[in-house]
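2 protein chains.
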Amino acid sequence: MPIATSPSNSARALAAAKVEQAAGILNELGIDAWLTFVRETTESGDPVLPIILGQSLTWQSALVVTAKGDTVAIVGTHDADAVRSTGAWHEVVGYVQGIGEPLRELLDRLAPRHIAINESTDDVKADGLTVGMYKLLLEHLSGTSHAGTLVSAANVIRALRGRKLPAEIERLRTAIAGADTIFDRIDREATPGLTEAAVAGLMHGHARDQGWELAWDRAGCPIVTTGPDSMGGHGVPSTTLAIRPGNVFHLDFGVRIDDYCSDLQRSWYVCQSGESRAPDDVQRAFDAVLASIDAAAAALRPGVECRAVDAAARSTLVSRGYPEYTHATGHEVGRAAHDGGGVLGPTWERYGKTPFLRVESGNVFTLELGVDVPGRGYLGLEEMVVVTDNGCAPLSTPQRAIKLLG
Amino acid sequence: MPIATSPSNSARALAAAKVEQAAGILNELGIDAWLTFVRETTESGDPVLPIILGQSLTWQSALVVTAKGDTVAIVGTHDADAVRSTGAWHEVVGYVQGIGEPLRELLDRLAPRHIAINESTDDVKADGLTVGMYKLLLEHLSGTSHAGTLVSAANVIRALRGRKLPAEIERLRTAIAGADTIFDRIDREATPGLTEAAVAGLMHGHARDQGWELAWDRAGCPIVTTGPDSMGGHGVPSTTLAIRPGNVFHLDFGVRIDDYCSDLQRSWYVCQSGESRAPDDVQRAFDAVLASIDAAAAALRPGVECRAVDAAARSTLVSRGYPEYTHATGHEVGRAAHDGGGVLGPTWERYGKTPFLRVESGNVFTLELGVDVPGRGYLGLEEMVVVTDNGCAPLSTPQRAIKLLG
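Listed in order, the protein sequences are those of chains A and B. 1 is the number of the first residue of the first sequence in our numbering; add one for each residue after it. 1 is the number of the first residue of the second sequence in our numbering; add one for each residue after it.
Any given hint could be a false lead.
Pulled from the structure, derived: some chain A residues nowhere near chain B, Cβ distances all over 10 angstroms [unchecked claim]:
1. 9
2. 20
3. 29
4. 141
5. 144
6. 155
7. 166
8. 287
9. 303
10. 322
11. 360
12. 405
13. 406
Derived pair list, reagent style PhoX-like, types lysine-lysine, alpha-carbon separation capped at 25 angstroms [as the list claims (entries may be wrong)]:
14. A/353 / B/68
15. B/135 / A/135
16. B/353 / A/135
Partner residues are not named here, just some residues of chain A that face chain B (Cβ under 7 angstroms, in silico) [said to hold, decoys possible]:
17. 43
18. 98
19. 119
20. 231
21. 348
22. 349
23. 350
Rather than coming from a laboratory, the hints here were simulated on the basis of the structure. Cβ coordinates follow ideal geometry from the N, Cα and C atoms, glycine included.
Looking at chain A on its own, in the form it has when it is part of the complex:
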């Protein structure tokens, strides 16, 4: 099989389209210039780099976009040709000894009033600048008029990551379809007695056969829960706990195809001898979870604060007599399963300001929650939706009935 040795043409076209989108966002936000400042990115990568470049950089490198549409990359001389070949950057400057001088020259020429840099307390995807690189940047700008102009690029990056282009939505649909085929195979292959680790092994094999990456860490992708004794959460699938009649069987899984991820949860009830439907306690729990996700979808539209979507789902679940879940109702999905930006979560310390962010058209969110059914195990659902101009539309094919096994 031929192996790509460079970004595909479609990946290059997407990077170029996102850089162009960034210039428009800067214009809209009234920010003159945006600087991504990185080094040795195979080991310490700014999360925004794959979006706007799609290759690694070795020495200190500056990627600058302006509201006027300038796109300039200052990179080590060895990287210059490869960066030029991406076509996403109109001007590429290669240097040998140090970036300080060419960077100062560029900023003097562009003369931005503010320079947005990649730092954010709340959005990990907009927080790619390390403390050491920040100190180096301050050294490079020391004594210039640019030293005092640094602001956070969090809003720029959030909009750029969050507002998916049609080509990105296509890729997300492909990643969802991939996960669905694996859920379908497990629906046929899962039987009582199969351990959690064996289920994970089957799913890993199916993904590998297709050449798909997992959407997150292998150890927890899938999360497999087979009953009330499962570690669940971010635990490791057990080599002893197995699918058992009378229990709920639950998967949290996604794949990465063409750099974009899916993140979905599916739940089954494992019938006992003589059963042909889920017992009432399981059905009630499923209905409550589904109703809560529906409540979130009904609340999700441009302009609403993320926390309001969480509150709609959370209050629905609680009103049906179930305890609050200890996580957020949803997160953005894109190149990463957790794609930064707004979090459909409660206003807990660990979510910072993300629940106060406002939903935007083009955002892709998960809607996910579940309950522990006493004596049966964890029952959860997770869907993916895209925010439209006046609401949201499903990207995944929602699970609207409990699946049955056995």
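Starting from the known structure of chain A, arrange chain B on it as the hints suggest.
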């Protein structure tokens, strides 16, 4: 084939050994405590995390080692069981709403005079703390006695990464042996007319057949140069330029096996009809490169400044009438092909303070340089060596004669 769903036992044992080694280093350096502060590490990973934990963390997480041997992990409740299962951390605290309170409680109990954090202007491997996380840390510590005690952990991390344990040297030898088998196959398969991209494709296939990752970005691993018109450097292998008689054929390549990397360069001369050895201009260049690498090896021993090793090689090459190369003579290798720490380089701005660092026993370095042979192409060699108590010893089997093709 069974697929591991969690770190192997040997990976866990290695992480535990490195955490124990860290406590000893803190003692030696007189630093009371070392704090690694991270979040969502699948997307934004501190380069030190794989060494001391070997799994990802989701919410804000604090990993604290003290000179007394305390090892405490404060992590999101969902991650706690998985962190416990690594066995590398004696105390694991899971939290639900926020890390601020448990972190302050821990630091109050440990009462360190100084807390080393992962920030460094010069060592990317010690610069994992982002600006946003640093601000959050300052918020968590605001109003406590710990706020003013933060120092850089660069020396801690450099020693921890750089002083390879015997188990790490074993893994590096395995990665070198893997790359050697692929060089050997190319030695048999390479023929005039084969394009650079085809050579890269063969090497990627061989690595994939063995289940080995490439040691760095696929687009530039291998770097393939087939003559004077090659992009070389960090360029992309050409689909039109091919191995040609009368030219030098050069590869820069490595694989990652069991998380550890190799990084080696090999050079061939492609004989023209009637030739049975390299012509004088190529042989002279090879001899000069080899002599310069030997000069570096002779200078490499504990206590010497890295720049002195570079100067030994660089001056040898220049004394033989060749121009200076535009890169350093060597870098550390470990979990990454460029493993941070000391750089055997000149005192150019882009190398920061790394050429002034002193070599330590247990460090593993590349020794690498080359020359452009006019009309023939780039000829370079790269070996890997481990620093011993009074010098250095080869890890790779050095190329001491020009290889011939065709």
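Tested hints:
no. : hint          : in the structure
1   : 9             : holds, 13 angstroms
2   : 20            : holds, 23 angstroms
3   : 29            : holds, 19 angstroms
4   : 141           : holds, 14 angstroms
5   : 144           : holds, 16 angstroms
6   : 155           : holds, 14 angstroms
7   : 166           : holds, 24 angstroms
8   : 287           : holds, 26 angstroms
9   : 303           : holds, 26 angstroms
10  : 322           : holds, 17 angstroms
11  : 360           : holds, 20 angstroms
12  : 405           : holds, 21 angstroms
13  : 406           : holds, 24 angstroms
14  : A/353 / B/68  : violated, 37 angstroms
15  : B/135 / A/135 : holds, 14 angstroms
16  : B/353 / A/135 : holds, 14 angstroms
17  : 43            : holds, 5 angstroms
18  : 98            : holds, 3 angstroms
19  : 119           : holds, 4 angstroms
20  : 231           : holds, 6 angstroms
21  : 348           : holds, 5 angstroms
22  : 349           : holds, 3 angstroms
23  : 350           : holds, 5 angstroms
Against the hints set out earlier in the document, a violation occurs for number 14 only.
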